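S.K.: One-letter residues, chain by chain:
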Amino acid sequence: MGAELLIPNRSQADDSRRLTGTLAASRAAEKTPAGSWAAETRRYLRVFLTFARNSLIRDMTFRADFLFHCISSVAWTLMNVGFYLLVFRFTMMIGPDTGWGRDEFFLFLATVWFINSLVQAFFIPNANEFSELIRTGGLDFALLKPIDTQFLISFRRVEWSSLSNFAVGLLIAGISLHGLATRAESPVYLTPLTLSLYLFFVGCGVAIMYSLMISLAATSVWLGRNQSLYDFWFYITNFSRYPMEIYNTPWGRPLLGLFTFVIPVLVVVNVPARILARPLNPRADWEWQLAVWAVIATGLCLIASRWVFRQSLKSYRSASS
Amino acid sequence: MPIIEVRELTKSYRVYRKREGLRASMRGLFRREYTEVEAVRGINLRVEAGEFVAFLGPNGAGKTTTLKLLSGVINPSGGTATVMGFVPWERRNEYRRRFALVMGQKNQLWWDLPAQESYRLHQQIYGIPEDHFRRTLDELTDLLEVTPLLGQPVRELSLGERMKMELIAALLHSPEVLFLDEPTIGLDVIAQHTIQRFLRQYQERRQTTILLTSHYMKDVAALCQRVVIVAGGLVQYDGSLAGIVDQFSGKKIVTLQFAAGNRPEDLARLGTILETQWPRVKIGIARAEVPRVLATTLRDYAIEDVSVEDPPLEDVIADLFHQVS
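Sequences listed follow chains A and B, in order. No gaps in the numbering here: position 262 of the first sequence is 262 in my numbering, and each next residue is one more. No gaps in the numbering here: position 126 of the second sequence is 1126 in my numbering, and each next residue is one more.
Bear in mind the hints are in silico, worked out from the structure with no lab data behind them. Wrong hints could be hidden among the right ones.
Chain B is faced by these chain A residues, among others (derived, beta-carbon under 7 angstroms) [as the list claims (entries may be wrong)]:
no. : residue
1   : 43
2   : 58
3   : 95
4   : 144
5   : 145
6   : 318
Every value quoted in this text rests on a predicted model; they were computed, and no experiment measured them. Note that beta-carbon positions come from the ideal geometry of N, C-alpha and C, so glycine has one too.
Okay, chain A solo, but in the shape it has when bound (with noise of 0.2 angstroms):
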């Protein structure tokens, strides 16, 4: 570094000139229509993954933490199967000919640690950071960037080691999937078509508490701070993690009106789960209607949460320099 770089010689002239060039021909090129879905496509994917990769090197610089994280959500999880077989002790089934055995609620209760799992890994820290971004003025740079903002936002983080419970729901479905394909009664086996449905269903449940999520913290935008995210993700998983028969009640239906139609945290679990552990057989018909009403809620928090995500930029302050 010396004094000969305050004059520009030709050379430099000249590279910085090709150089402009070459970007104006990627940007005249990224602007022609055809195949221009397809590369914006894959430009997300790799945005993602870098996302995606960013934060495991950051996990691995922090191992300790990693591994407490780990380790205590696991116990967690596990402590929680240790109640359940508990209460089995004393029980055959969840309530009276709702078909909710062990092995069909074990099933259950692998479906709520996937879907929680995979919101926990990769939405809650970043509907979390969202409102944080809201707050400090952060989310500036997020505006500043080329890409859709929604995306930028809800994927920047990735949280590994909430997918430990991933795994552990593998571990219980398995188990349970085995007992009900080898029980000596009406024994429920594994078809590709259950489980294409099963992992679509669980995709739908996905979308839905990521929806809900996402659109509670845009709301720092109007309260300045939003600190009951953690809380109101408690209060709804605690709601989404039974089998909506218990809610069969005269209290309990006015509940299950609510937690199905208006904030529909009910299907996310139930609707997957029922069509893989089959509590009912045959099939009756008001599980059907569920199931397209659970596609049917999907699309609608989806473009509600979009929406609301979009009124939040617009009313967007940004604090102080």
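Fit chain B to the known structure of chain A by using the hints.
M.R.: The following block gives chain B in isolation, referenced to the frame of chain A:
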């Protein structure tokens, strides 16, 4: 065709006026009083491509708000603005690919990761071709002398090093317009100097249009041909740095050195005495009066040396800020 055109741009905020004390806070739960704060009250500005313009103004003058409006981070309350033909707050990707905003008080790099990981991410987000990315990164790290720091977690860097890394992040996609909000705030003299030198070289090489806000006169004097003074949400001055003194200071500073043993008592009649260090006396004199006062002085006193200067720029600007606020 100017690259930045701003007409009657305004931005006001509604702020909750909280009164002191618990009782007032309780009342505030039910009825809130709000006041409108006009951060920007009608800014007009035209900037041609390749200009390096400084925004000066006291804290709260509306400089940062203006930059945020031009970056599309916030929506205006009124007025229009176009940058490279785009309306900033529409936040179109075509626009966002072509400019950058650097804020000295905020950081966008991943705190726990080395800066190069954040740069990779920028490459993906902006879709920068690999060869272009490599060359730009090499050039920038070389100019800012930070190549060995690329692999260090950002949280372990000094403030000056971090600011350089932030600048690189903002320049990787070769923006045509660059907004710099106090890029040298809190930095030591050496780091300030490096960043000034870098910005000058970079601007000369690339002819990037730059808008800079800074509280350091040295930044402005070293970099900008044009100065826009913003105070009270309005443009108070738009011109050269030297022009500020001509326009806003009606006086000159005359330094008189008296011959040995001469200590006249009646100097106050000449003008405002600013400093007395016998045998030297500094007197502030209205500009129009300077020839007459000098003639009188030379006639009445034994003088060894005389100099006539403009008042220091900082003082003129401080006076101006004071008047406006």
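S.K.: Does each hint hold? Answer for all of them.
M.R.: Now for the hints, and whether the structure bears them out:
no., hint, result
1, 43, "holds (6 angstroms)"
2, 58, "holds (5 angstroms)"
3, 95, "violated (44 angstroms)"
4, 144, "holds (6 angstroms)"
5, 145, "holds (5 angstroms)"
6, 318, "holds (5 angstroms)"
Comparing the model with each numbered hint stated earlier shows that hint 3 is the single one that does not hold.
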